[in-house]
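Heads up: the protein sequence lines correspond to chains A and B, in order. Here the working numbering is used: the first residue of the first sequence is 1, the next is one more, and so on. Here the working numbering is used: the first residue of the second sequence is 1, the next is one more, and so on.
Just so you know, the hints here were simulated from the structure itself, not pulled from any lab data. Every residue gets a Cβ at the ideal spot worked out from N, C-alpha and C, and that includes glycine. Treat the hints with care, as some may be off.
[As the list claims (entries may be wrong)] Dumping the calculated BS3-like pairs for lysine-lysine here, alpha-carbon to alpha-carbon at most 27 Å:
1. K99/A <-> K13/B
2. K101/B <-> K77/A
3. K52/A <-> K101/B
4. K94/A <-> K53/B
5. K55/B <-> K94/A
[To be verified] Footprint (simulated), chain B over chain A, 3 or more residues, beta carbon under 8 Å:
6. 56-63
7. 99-112
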Amino acid sequence: GNSVTQMEGPVTLSEEAFLTINCTYTATGYPSLFWYVQYPGEGLQLLLKATKADDKGSNKGFEATYRKETTSFHLEKGSVQVSDSAVYFCALSKAAGNKLTFGGGTRVLVKP
Amino acid sequence: DVKVTQSSRYLVKRTGEKVFLECVQDMDHENMFWYRQDPGLGLRLIYFSYDVKMKEKGDIPEGYSVSREKKERFSLILESASTNQTSMYLCASSIQGVNEKLFFGSGTQLSVL
Chain A
1 GNSVTQMEGP
11 VTLSEEAFLT
21 INCTYTATGY
31 PSLFWYVQYP
41 GEGLQLLLKA
51 TKADDKGSNK
61 GFEATYRKET
71 TSFHLEKGSV
81 QVSDSAVYFC
91 ALSKAAGNKL
101 TFGGGTRVLV
111 KP
Chain B
1 DVKVTQSSRY
11 LVKRTGEKVF
21 LECVQDMDHE
31 NMFWYRQDPG
41 LGLRLIYFSY
51 DVKMKEKGDI
61 PEGYSVSREK
71 KERFSLILES
81 ASTNQTSMYL
91 CASSIQGVNE
101 KLFFGSGTQL
111 SVL
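Full structure from sequences and hints, please.
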């Protein structure tokens, strides 16, 4: 079946540090890949997505590239802020209109 | 602004009680979902619905049921609550055919004692 594996947190960084959160997936075919973010006390919201190999999704300074050869979709941000403190979830969808499969989530804490 | 509203932020119930979790969306979305969120396990899909009065089982439906009598409302029911159902419950909705962009409520933290 489909699965998504994320690095375990928490990840603690200082402001302006570089952030990487690893995500790998298992799925047949060519799934679409997503990053969702959950800020404290809020529901999840879509951060970015990529629908085919070598696509790069980007939003709010975050980027992730769909790597078919390594089945990965790592999230990166060059300079984090305290407001980026949140839980980040990697997810996949086998086809348009299909349900999402989520990873375990990675908590990120950015200190001033 | 689009909104998915869950009726309670925190709920404490006793083992064996019947529990109702309510979710309402104001976006006229066809699709609605119930997930539970547990540390290290991420989000797991309990039930979903693509239309009024229809429902489909997700990955972990045991011990739960759902009701969708109106398009905007999707209820999760714990028939006889157990301690292993202590969790954060998240409701989400999406437009028809676009399940990838989900709009989530802020969650209900349920504790079963």
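Hints and how they fare:
At roughly 30 Å between alpha-carbon atoms, K99/A and K13/B are farther apart than 27 Å, so this suggested pair is violated. Annotation: proposed proximity of K101/B to K77/A holds, straight-line Cα distance about 22 Å (limit 27 Å). Restraint check: the Cα-Cα separation between K52/A and K101/B comes to about 16 Å, which is no more than 27 Å; the hinted pair holds. Note on K94/A and K53/B: the hinted pairing holds, with a Cα-Cα distance of about 26 Å set against a maximum of 27 Å.
Among the hinted pairs, K55/B with K94/A is consistent with the structure: their alpha-carbon atoms are about 20 Å apart, no more than 27 Å. Figure legend: the stretch 56-63 of chain A, annotated as covered by chain B; annotation inconsistent (0 residues with Cβ-Cβ distances under 8 Å, at least 3 required). Counting residues of the stretch 99-112 of chain A whose C-beta lies closer than 8 Å to any C-beta of chain B gives 6; at least three are required, and the coverage claim holds.
Checked against the numbered hints listed earlier, the structure breaks hints 1, 6; every other hint is satisfied.
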